[in-house]
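Both chains are sitting in their own frames, so use the hints and assemble them into the complex.
So you can see what is in the structure, the chains are spelled out below.
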Amino acid sequence: MHPVPFRKVIKMKRLLFGLAVIGLLGAAAPKPTPDPAVGKAAYESNCARCHGPTGAGDGLDAKRMSPMPRKLSEGVFKFRTTGSGTPPTDEDLFRTISTGLAGSRMPDFQRLPEEIRWQLVYYVKSLSTAFNDQKPEPVNLGTDPGPKKATVERGKELYGQLGCAACHGTAGRGDGPSAPTLVDNWGRPIRPADLTHGSAYRGGSSVKDIVARMMTGIDGTPMPSYADALSSPEDAWALATYIRSIQEKPNFQRVIEGVKGPAPLPSGPDDPAWGAAPATTLRLSSNLYREGEIQPTSVAGISVQALYNEKEILFRLAWNDPNESRESPPDAAALALIPDRRLKPKIGSLRSWPATPEAPALDLSLWQAIQAPAYEAVLKDFAQAAGAPEGGAVLESKASYAEGQWILLIKRPLAPAIPGGAALSPSRPTLIGVAVWNGGNGEQGRRRANSNWVDLVLK
Amino acid sequence: MRHFTVRLFAAVVFLSLVTCHPSRAMAAGTAVEAKGAAGTAAISGKVTFSGSAPAREKIKMAADPVCLAQHKEAALSEDLVANNGALQNVFVYVKDGLAGKTFPPPTTPVVIDQQGCQYHPHVFGIQVGQPLEILNSDATLHNINVQPKENKRFNIAQPMKGMKTRKSFDKPEMAVPFKCNVHPWMGAYGHVLDHPFFGVTAEDGSFTLKNLPAGTYTVEAWHEKLGAQTQSVTVADGETKQVSFSFKK
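So the protein sequences, as listed, match chains A and B. Sequence positions in the first sequence follow our numbering and run 1 to 459. Sequence positions in the second sequence follow our numbering and run 1001 to 1249.
Here chain B stands alone, though its shape is the one from the complex (with noise of 0.2 Å):
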């Protein structure tokens, strides 16, 4: 999980360097400098959990044999994880301050992958118009109910293992619900951004944000049980902020 996410976010912060670069070469004028510019600062950091977590419940995945059979042990809910104080699948992002900035969207897309009949990420970020490839890696049927509020609903069947479809968001929305209503258990939250600034807690709480450039932002941190919190944060060029974020229930 952290791996992925760490892979993720790195893909993410990769392409809009890599796609945002060329445009600002292209772009030669001075008007048009701070769009798609990525900077040098970062913010980073970590959320924590206060108080005693409470054990995550065991999923019951007997209605369909082909999810119980991929669990050796039973899976485990993943709405509020928290590993000795370590708070996992927050989204930190810039709230605030990237006004007049445009920021492309990356090519490549953001996968969501159903497998062992849960989201693979849990949470995640997507930029407005990058694609999203929803993976079906359980050969039993999954369907993709996806219900935002601003963007394009959509509820659409995958009932082959290997079945991938590409969706992309048109507009920012922040946790877009997916579920499966063959398996009601399955949830994730996609967060649809303008920019590439987000990123998800890994098992130890941390995330980091990239490539900012310089500026005072709002920097929130959202979980889906314990709510939001944010901090203004201001970082030069070349800078690493560190921020930390504490929930509790």
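Just chain A, with the same shape it has in the complex (with noise of 0.2 Å):
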């Protein structure tokens, strides 16, 4: 018997290992065969609260959601990788229910094991007729063409060519011309995407994810299908890598980092010194309800830099808001400042304060889309008076909108101006929040885009 060669025993024992991993694969891959019985107990624990018991898309907490939970009963669904007005593969519900459905309160069922999410995948599939009168028809969405053929500058001239900006806007964040009409296919008002916020994609935000989107467009929605209208798959990864492109990279922090600034303090937003300044952004949301009904917000996050010198600090805020208003309600934005940390037990979060009229006051820094300047003043409530209210000071800012953004500096004096107000100082950070209105949405007062506290260290 030939002893057989080393390296060829080496190859063998890869291809086995290669073998056996396919086959460890191929095992955790096939679908479990449908149990009803399963599938019903597991929506009903885990769906049926949003999704409602018949999948009527009204579950107890259905009216408290923005988006609003998806009427399953229908058959209509957002997130697929098949044709315009096709129902979804089983992949495509698998994975939606598996990865959730980004800023939606949709969350992923990781938690369960995978036989149990297909079950689910059945289940849903039970709920409505759709998969019974019409067959899933996957879009072909090729396979990215790499960076050199699917080039950001091919992918911008897309975006212009193809309309995007009609309601996706020129910067892409979501304020074109037609974005104040769009209505879903059921009437309700909605938003296009803002390009610019990659984690709010709700079907992910990945280049071939964006291409899923594009091809298949996003039904119930405005969003239509492009795939009769995109030329070639390379034009396809084309337009998506540059989408994928204008994603803004949040800084998700605890703390605004406030950096010593030149003696005057930059007196436009583009001046170089706000390269030093660290940016801080901050979530938003609101928790307000009417009737049971969430009154949806739309700002989702907001930009916040610092600079001080001696006697001042110049706070820069970005934010997206699609449309500028300037009447009432105008677009408004303020910085509440806790004048002493030890109160913020009582103050509880921004977003209910004042949960009670014997809530502390906060130091307010308000500033409003009108003539009348913005101004300082301790307050017990966002008081949006169009100007300074008694006991309360003028504040230099300056504001400037375009292309669905606010930029607005704002500036405070260091030491409180006004009784109650709070001190700044280098020795000790000041817990800091930040309100947005986006007036255009009819926010005013209550109804308004919060951040949690954090602090605001001077360095």
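If you're looking for bench data, these hints aren't it; they were derived computationally from the structure. No experiment lies behind these values; they were computed from the predicted model shown. By construction, the Cβ of each residue, glycine as well, lies at the ideal position given by its N, Cα and C atoms. Careful, some of the hints might be misleading.
Stated by the list, open to error - A short list of chain A residues far from chain B (calculated; beta carbon distances all over 10 Å):
| id | residue |
| --- | --- |
| 1 | 116 |
| 2 | 136 |
| 3 | 357 |
What the hints assert, rightly or not - For lysine to aspartate or glutamate, the following DMTMM-like pairs were computed, each having C-alpha atoms within a straight-line distance of at most 25 Å:
| id | chain 1 | residue 1 | chain 2 | residue 2 |
| --- | --- | --- | --- | --- |
| 4 | B | 1171 | A | 137 |
| 5 | A | 135 | B | 1170 |
| 6 | B | 1152 | A | 90 |
| 7 | B | 1241 | B | 1220 |
Okay, structure coming up:
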């Protein structure tokens, strides 16, 4: 018997290992046989609370959500790899259940075993006749031709040619001329995605995810399929590569670092001095309900920078707002400082402040998109008067709106200019929160987008 | 508009003749004699609007300069068009009375054109299985969002001037809405029938349903804002019956 050469053994071992790996993957992949009883039980304990017992989208918590939970019984699904108007594949549903939908209340169900997730897929399909009437028509998404062929430049050109800006805006901030009038297929107002917020793309923010959305459209919404309009897979990938490139990288932090700036602080938002000030991204949210229905706010995040000198601190706030509103109610923003951090437990979250009439006052710097100047005042609620209230102080501010974005510079003294105000000092952090009102969305008073409390630290 | 409607109707009738007769000739048996049978009867008439018609609204197209530039004067809404008592854009068709007869669909498409950021025609009929050609004559993005109840839904983008897309419908269905989300004023209605006996009233409110087999029919006149009315009509071979409908607000 000839000894088997060593190299050959290695090769065979590799081959066997490879086969074993394929075998294992194969073993994990096959879908289980549908078991309606298991699917129903899993649906009732995991899905019915939002989607309703029969999938009518009328669960207990449905009205407290924006976007509302899908009406599964109607069989219209947004995130598919199938042609416009056709049902999703099993894999599409499995993916949505497994990864959730970013920017919505649909969580991921990774905690459920794959087997159960598949049973949920089958059960969800049984709730609608759409899957009997039609078969999914998978769309060929092509493969990534690589950045040399699918260039950002070509993608940008296509973004203009294909009319993306009509809804998503020139800079992709969801501020296109058609944006204010968009409605979904049920007649409810709907906003086009702010393409610069990759983390809020419901169906995923990768280039391939974007290709899928463009090729299949988002059923039930104004977003159409571009399968016929894109002349080649390279173009689809180039456009998606461009859209991916305009996604901003948020810097979520629990701290806003104020940096020592030049003696006269910058007078404009593009001053090179801002390069030295780290930008912190704050998530904004609201929890205002009326008759059990959420009153959604539209600004999801804000970028904050701060420069200071011996006497003053200058904030640079940048946030996306699809429509500039200078009339009632106007767009507005406020910096809220807790005058004494020991008061934080009594104040609670900025979202619910003031929770009671006895809640402690905050030191507010309020700007509104109107002629009257910004002001600072210590108040027990956001009083949106068109001018500084009694005891308040006028603040210097400068705001500009372009392509779906507000940039606001607002300056206040370090020492409290008004009684009961917050004293800012490099020797200790101050708790700060930010609130934003999108007037075009009818936001005013309590209806506002709020950040959490973070520390303002002067370095 | 009037000419277009007439031409469209003529095309449908012509095609039904062209495509029906050979099939009848091929199916030489008597049992299938009725299949695809076009006859020599006709129903024609006028649809009127009684009372004073509301003024047509001027469409605000400022959101898209490409749309705006195509209209010297503001385009007017099309949801209720009455000219001196004549009601335009009423869909008149045989609703009942053709049971057991089949009419193969024409192969020539019905064309719906997006021009000046309005649909042309605003109301149309199409046979089950007949191609529908959706054309964009505007140098701007239109999405064609079609959400039927019985037929396949679709929402497609036509960003370039001259783009054409073909679709068809599998099942009869009335009043399939066509919408463009980019230009929310744009709307059209397509009616999917399994026979070719339909028409849309012209500017003078007139319509004609030609080449009907002799028989007793329920004829319906449908208007998007004013609802539907039906009449029973009996026609003999070679006869043209006059029928009129009157709508009010």
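Evaluated hints:
no., hint, result
1, 116, "holds, 31 Å"
2, 136, "holds, 12 Å"
3, 357, "holds, 44 Å"
4, 1171/B with 137/A, "holds, 19 Å"
5, 135/A with 1170/B, "holds, 14 Å"
6, 1152/B with 90/A, "holds, 19 Å"
7, 1241/B with 1220/B, "holds, 15 Å"
Consistency with the previously given hints is maintained throughout, with no hint failing.
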